[in-house]
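*Asks:* I would like the entire structure built from these sequences, with the hints used as guidance.
As a plain string of letters, each chain reads:
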Amino acid sequence: MKKLLPIILILSALLFSSCVKQKEKREFFAMDTHMTVTIYGPTADVVAADAQSEVERLDALFNAENEDSEIGRLNKSRAASLSEDTRRLLKLALEYSGETDGAFDPTVRPLVRLWGFTSGDYRVPSSSEIASALALVDHDAVSVTDNEAKITRKGVEIDLGGIAKGYTSDALTEMLSTEGIRGAIVDLGGNIQTFGKKPDGSDWKVAVKDPDGDGSLCTLTVGEKAVVTSGGYERYFTENDKTYCHIIDPESGRPVENDLSSVTIVADSGALADALSTALFVMGREKAEEFWKSSSLDFDFLLYTTDKKLYVSEGIADSVSDGLDFETVAR
Amino acid sequence: MRMNKRDFVAIALVVALSLVGFLLFGRTGEKGKEVVIRSDGRLVGTYPLSENRELTVTLGSGKNTIVIRDGGVSVSDADCPDKYCVKQGVISRSGESLICLPHRLAVEITDGSEPDGTAR
Numbered sequence: 000m001k002k003l004l005p006i007i008l009i010l011s012a013l014l015f016s017s018c019v020k021q022k023e024k025r026e027f028f029a030m031d032t033h034m035t036v037t038i039y040g041p042t043a044d045v046v047a048a049d050a051q052s053e054v055e056r057l058d059a060l061f062n063a064e065n066e067d068s069e070i071g072r073l074n075k076s077r078a079a080s081l082s083e084d085t086r087r088l089l090k091l092a093l094e095y096s097g098e099t100d101g102a103f104d105p106t107v108r109p110l111v112r113l114w115g116f117t118s119g120d121y122r123v124p125s126s127s128e129i130a131s132a133l134a135l136v137d138h139d140a141v142s143v144t145d146n147e148a149k150i151t152r153k154g155v156e157i158d159l160g161g162i163a164k165g166y167t168s169d170a171l172t173e174m175l176s177t178e179g180i181r182g183a184i185v186d187l188g189g190n191i192q193t194f195g196k197k198p199d200g201s202d203w204k205v206a207v208k209d210p211d212g213d214g215s216l217c218t219l220t221v222g223e224k225a226v227v228t229s230g231g232y233e234r235y236f237t238e239n240d241k242t243y244c245h246i247i248d249p250e251s252g253r254p255v256e257n258d259l260s261s262v263t264i265v266a267d268s269g270a271l272a273d274a275l276s277t278a279l280f281v282m283g284r285e286k287a288e289e290f291w292k293s294s295s296l297d298f299d300f301l302l303y304t305t306d307k308k309l310y311v312s313e314g315i316a317d318s319v320s321d322g323l324d325f326e327t328v329a330r
Numbered sequence: 000m001r002m003n004k005r006d007f008v009a010i011a012l013v014v015a016l017s018l019v020g021f022l023l024f025g026r027t028g029e030k031g032k033e034v035v036i037r038s039d040g041r042l043v044g045t046y047p048l049s050e051n052r053e054l055t056v057t058l059g060s061g062k063n064t065i066v067i068r069d070g071g072v073s074v075s076d077a078d079c080p081d082k083y084c085v086k087q088g089v090i091s092r093s094g095e096s097l098i099c100l101p102h103r104l105a106v107e108i109t110d111g112s113e114p115d116g117t118a119r
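Protein chains in written order, with numbering that gives the first Met the number 0: chain A, 0 to 330; chain B, 0 to 119.
Rather than coming from a laboratory, the hints here were simulated on the basis of the structure.
Glycine residues also receive a C-beta, built at the ideal position from the N, C-alpha and C atoms.
Among the clues, some could well be false.
[What the hints assert, rightly or not] Short derived list, chain B residues pointing at chain A, Cβ under 7 Å:
hint, residue
1, Asp-115
2, Thr-117
3, Arg-119
[Said to hold, decoys possible] Quick list of in silico lysine to aspartate or glutamate cross-link-like pairs, EDC-like style, CA-CA up to 16 Å:
hint, chain 1, residue 1, chain 2, residue 2
4, A, Lys-197, B, Glu-113
5, A, Lys-22, B, Asp-115
6, A, Lys-196, B, Asp-115
7, B, Lys-32, B, Asp-78
8, A, Lys-241, A, Glu-256
[To be verified] Pair by pair, the computed Cβ-Cβ distance ranges are:
hint, chain 1, residue 1, chain 2, residue 2, range
9, A, Asp-321, B, Val-89, 53 to 59 Å
10, B, Val-89, A, Glu-55, 33 to 39 Å
11, A, Asp-211, B, Leu-54, 32 to 38 Å
12, B, Lys-32, A, Asp-44, 24 to 30 Å
13, B, Asp-69, A, Lys-197, 48 to 54 Å
14, B, Gly-88, A, Thr-305, 50 to 56 Å
15, B, Asp-69, A, Thr-42, 39 to 45 Å
16, B, Leu-58, A, Asp-321, 46 to 52 Å
17, A, Thr-327, B, Asp-69, 36 to 42 Å
18, B, Glu-53, A, Arg-234, 48 to 54 Å
19, A, Ser-82, B, Leu-58, 53 to 59 Å
*Replies:* So this is what it looks like as structure tokens:
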């Protein structure tokens, strides 16, 4: 036994370290953005490859720019049969649109196109152009049944870009839970979602980007959460010294222009966090806080204003570190 | 001080683990930034490696005195039976750790400043 002991120790240590230490980081381009999937576990390499395939599969279903995608076909023929994933995502999008009173709206596409954000040919449209595109923003004109979706008004179009990445990170963490993975963090174009724990058993550290610079506003320490930020700083154009951001207010038909510089949502679901980060950014600080207080949806927020103040909802106030002083918002 | 068989197994396990870890992932880490102290997996505290300090961690099972000095960290004193944590000396690189098995205490160096991801 004495002679065997070192061998047993080394063998078990080998096994132990290979389980705990294995890490696979995979970077790729999908959904018009850069993605990174980092997975810890004995089968990390295989699962990371599966994760990329899953993202590509969902991208091919959801991408409104692709006429052959399910959303592309739905926009074109105003009726299409949908796969389970597209149906679930579209239903979520419509649900959150209702919950946020249209601040998040998956039918804002005619306006996004008018301002040039689908093509890159940016321009400031006339008021009458905005008014006619605005008339086509109508999530009530979209209906989803068990196997089919319909658009009941001509000209209404769906774009799930404001929620698809969140849904996709939900799908990835769902996949990971069935694959024996210990921990993972996915970064889908800045949408962060975590799964399990870090190899050392600790929680994940997610920084929130400073809209005005290269640094971060603060660091959030989270368990299994989605952390999604929306702001006008990532995509925008400038004309006559005025900046127009890519998030269009579905009510005014114009790029959002209020007291918020960025909004970060922390929630269990990536789809919810994705849709709400856009919605609260559209609302502005006061309405965003009121929405949080009255909503039945379970989430926390971090609001960064144009005058560089940080407001954090009480549920995550203890998770914020390394950053600016902030004001805690209580329910 | 006499070592019993359990001490030996504990020490051998730690040595074997670090050795195998080193052989498999042999890159010596970068100079670390943060000292993370955990007891039983629970976070006791996180301290910058760049600031000299001495702290005593008192746990149900005993106490360890941890010294952070000149970019390194060590356990200067402990009332555990084997004092293995003290004998491990000074560590300074990211990924290195000091372990006191009897007190279930781990002192680890991380590159602290780096978040796992950035929401943007």
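*Asks:* Are the hints correct? Go through all of them and say.
*Replies:* Comparing the hints with the structure gives:
The criterion of a C-beta within 7 Å of any C-beta in chain A is met by Asp-115 of chain B, whose closest approach is roughly 5 Å, and the hint holds. Proximity of Thr-117 of chain B to chain A holds as hinted, the smallest CB-CB distance being about 4 Å (cut-off 7 Å). Evaluation of the Arg-119 of chain B hint against chain A yields a held restraint, the C-beta minimum of about 4 Å falling below 7 Å. Of the pairs offered as hints, the one joining Lys-197 of chain A and Glu-113 of chain B holds, with about 14 Å between alpha carbons and a cut-off of 16 Å not exceeded.
Between Lys-22 of chain A and Asp-115 of chain B the alpha-carbon distance is near 13 Å, which keeps this suggested pair within the 16 Å criterion. Of the supplied pair hints, the one linking Lys-196 of chain A and Asp-115 of chain B holds, its CA atoms being roughly 11 Å apart against a limit of 16 Å. For the proposed pair Lys-32 of chain B and Asp-78 of chain B, the alpha carbon gap of about 28 Å is over 16 Å, so the pair is violated. Taking the CA atoms of Lys-241 of chain A and Glu-256 of chain A, the gap is about 11 Å. The hint holds against a cut of 16 Å.
Separation of Asp-321 of chain A from Val-89 of chain B is about 26 Å and departs from the stated range, judged on CB atoms against 53 to 59 Å. About 49 Å separates the C-beta atoms of Val-89 of chain B and Glu-55 of chain A, a value inconsistent with the hinted range of 33 to 39 Å. Between Asp-211 of chain A and Leu-54 of chain B the beta carbon distance is about 37 Å. The supplied range of 32 to 38 Å therefore holds. A hinted range of 24 to 30 Å holds for the C-beta pair Lys-32 of chain B and Asp-44 of chain A, which are about 29 Å apart.
Range check, Asp-69 of chain B to Lys-197 of chain A: Cβ separation about 28 Å, and the 48 to 54 Å hint is violated. For the hinted restraint 50 to 56 Å between Gly-88 of chain B and Thr-305 of chain A, the CB-CB distance of approximately 52 Å keeps it satisfied. At roughly 42 Å, the beta-carbon separation of Asp-69 of chain B and Thr-42 of chain A lies within the given 39 to 45 Å, and the hint holds. The supplied range of 46 to 52 Å is broken by Leu-58 of chain B and Asp-321 of chain A, whose beta-carbon atoms lie about 27 Å from each other.
For the pair Thr-327 of chain A and Asp-69 of chain B, the supplied restraint of 36 to 42 Å holds, since their beta-carbon distance comes to about 38 Å. Checked against the hint of 48 to 54 Å, the pair Glu-53 of chain B and Arg-234 of chain A passes, with Cβ atoms roughly 50 Å apart. In this structure the supplied range 53 to 59 Å holds for Ser-82 of chain A paired with Leu-58 of chain B, their Cβ-Cβ distance being about 54 Å.
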